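Asker: Residues per chain, in single letters:
Number of protein chains: 2
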Amino acid sequence: MKIYDISMEIHHNMPVYKGRDPKRPNFSIDSDFSTGTAYETRLDLNLHTGTHLDRPLHMIPGGEVLDTLKLEQVITRCKVYDFTDVDHKIRAHDLSKKDITEGDFILLKTKNSILDILEKEFIYLDKTGAEYLKDKKIKGVGIDALGIEHSQPDHESHILLLSNDIVILEGLRLKDIEEGDYFLFAAPIKIKGVEAAPVRAVLVSGI
Amino acid sequence: MKIYDISMEIHHNMPVYKGRDPKRPNFSIDSDFSTGTAYETRLDLNLHTGTHLDRPLHMIPGGEVLDTLKLEQVITRCKVYDFTDVDHKIRAHDLSKKDITEGDFILLKTKNSILDILEKEFIYLDKTGAEYLKDKKIKGVGIDALGIEHSQPDHESHILLLSNDIVILEGLRLKDIEEGDYFLFAAPIKIKGVEAAPVRAVLVSGI
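So the protein lines, in turn, are chains P and R. Here the first sequence stands for residues 1 to 207, numbered as in our numbering. Here the second sequence stands for residues 1 to 207, numbered as in our numbering.
Hints were generated in silico from the structure; no laboratory data involved. Just so we're clear, the structure is a prediction, and the values are computed from it rather than from any experiment. Incorrect hints may have been included.
No copy labels: a pair is met if it fits in one copy or bridges any two.
As a list, the in silico EDC-like pairs of lysine to aspartate or glutamate whose alpha-carbon atoms are at most 20 Å apart [unchecked claim]:
no., residue 1, residue 2
1, 192, 40
2, 23, 44
3, 192, 21
4, 192, 44
5, 192, 9
6, 70, 9
7, 23, 40
8, 137, 64
9, 18, 30
10, 136, 104
11, 192, 30
12, 18, 40
13, 192, 94
14, 192, 32
15, 192, 116
The shape of chain P in the complex, shown without the other chains (with noise of 0.2 Å):
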């Protein structure tokens, strides 16, 4: 068995979404040895940072929150694909090279894990590549961008997959990860009633 980090590193000077700073997330010391016996840390962050998952409610007014997640969505045997020869967005003539089939939960390595693009004009899955997915009837999608589309104005990629019940899976790191079939763990924190969670997402082979 192996197991592979595939999460970004949260802390205050982490790369967030478009590099926006009311995203940065804060820690605030709550103990420590000079006023107590114990040393505990307190974090406030948006629950879309570093590596999470994102629900229907995210962009769907009404939409499905994390309760409603069944854990067989996101702890299940994955394809990561190599995409790293595609410049700004992922097209379904892109993603129709690939042997994508029912069921599948997929991630997307892009130029996003090798040139540390995480902050602006990163990678992402534009809504042709959504719509072929959905058509494809896929399980999840993950991605190693903040965002799995930029700079559409209607969200329309989040939209057709959050629609279709399919999993999405934000800031993925992917750098040292080659192309090919693996076990995917990517439970997220269980937290009531929202439309995200942090994400620690592993890869495992040899099981």
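Let chain P serve as the given structure and place chain R on it in line with the hints.
Answerer: What follows is chain R alone, placed relative to chain P:
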């Protein structure tokens, strides 16, 4: 493959350590559909909330933080032991009745799971039990309480375990889990430099 969720749900009115109000998580809304085109929640939480993992810095000045935890320490085979017949605390004497061996990751199922004792007089692992597990050279121990110990003034159980690189998982929910062998996934959220982190802990059988 069967997946068992053994995590607590995080919300404002959840059980917190000894029922202390300042330990409650707080939620706010960063954006919703009245102010924007996406719904985003912000969460302010003590890192020892709900199901979480402790690192040595929690109790030992200068102790190790999350960064040096190896994923192999928390993604591993494990044994669930039923101690639901034990009152007050789990001692070396109780542990000696089980087949605990070097390298084990063990989860202690107590009356806390059966009776939903989470905030006040919860069952815990006493210092004789921690000493026993240290001598057995186990890999990690989890418990269905928000603290591995209760009212031991020098935090002997924490310190015995953490100073011997034994992982501590707190806040597990084991009501529906039978004694036996499982695969444990308990990788914490990847937060830099901290003494603890929330975990979505799951057990898997049949892999």
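Asker: Next, verify each hint and record whether it holds.
Answerer: Results of checking the hints against the structure:
In this assembly of identical chains, residue 192 and residue 40 lie within 20 Å of each other by CA distance solely across copies; the values are 14 Å between and 23 Å within a copy. Both within a single protomer and between protomers do residue 23 and residue 44 lie at most 20 Å apart by alpha-carbon distance, with minima of 10 Å and 13 Å respectively. Only between protomers do residue 192 and residue 21 lie at most 20 Å apart by alpha-carbon distance; the minimum there is 18 Å, versus 26 Å within a single protomer. With identical chains, the CA atoms of residue 192 and residue 44 are at most 20 Å apart both within one copy (17 Å) and between copies (14 Å).
For a Cα distance limit of 20 Å, the shortest separation of residue 192 from residue 9 across copies, 6 Å, qualifies, whereas the shortest one inside one copy, 23 Å, does not. Taking the closest pair of Cα atoms, residue 70 and residue 9 come within 20 Å of each other only across two copies (14 Å); inside a single copy the shortest separation is 25 Å, beyond that limit. Proximity of residue 23 and residue 40 under a CA criterion of 20 Å is satisfied inter-copy only: 10 Å between copies versus 23 Å inside one chain copy. Only within a single protomer do residue 137 and residue 64 lie at most 20 Å apart by alpha-carbon distance; the minimum there is 18 Å, versus 45 Å between protomers.
Taking the shortest alpha-carbon separations for residue 18 and residue 30, only the inter-copy value of 16 Å comes in at or below 20 Å, while the best intra-copy value is 30 Å. Taking the shortest Cα distances, residue 136 and residue 104 sit within 20 Å of each other inside one copy (9 Å), while across copies they are farther apart (43 Å). Within a single copy, residue 192 and residue 30 get their C-alpha atoms only as close as 23 Å, which misses the 20 Å cut-off; across copies the closest is 17 Å, which meets it. In this homomeric assembly, residue 18 and residue 40 come within 20 Å of each other (Cα to Cα) only across copies, at 15 Å, whereas the closest approach inside a single copy is 30 Å.
With identical chains, the CA atoms of residue 192 and residue 94 are never at most 20 Å apart, being 37 Å at best within one copy and 36 Å at best between copies. In the homo-oligomer, the alpha carbons of residue 192 and residue 32 lie at most 20 Å apart only across protomers (17 Å), although the nearest pairing inside one protomer, at 29 Å, exceeds that limit. Taking CA atoms no more than 20 Å apart as the test, residue 192 paired with residue 116 passes between copies only; the shortest distance there is 18 Å, against 32 Å inside one copy.
Hint compliance for this structure: hint 13 alone is broken.
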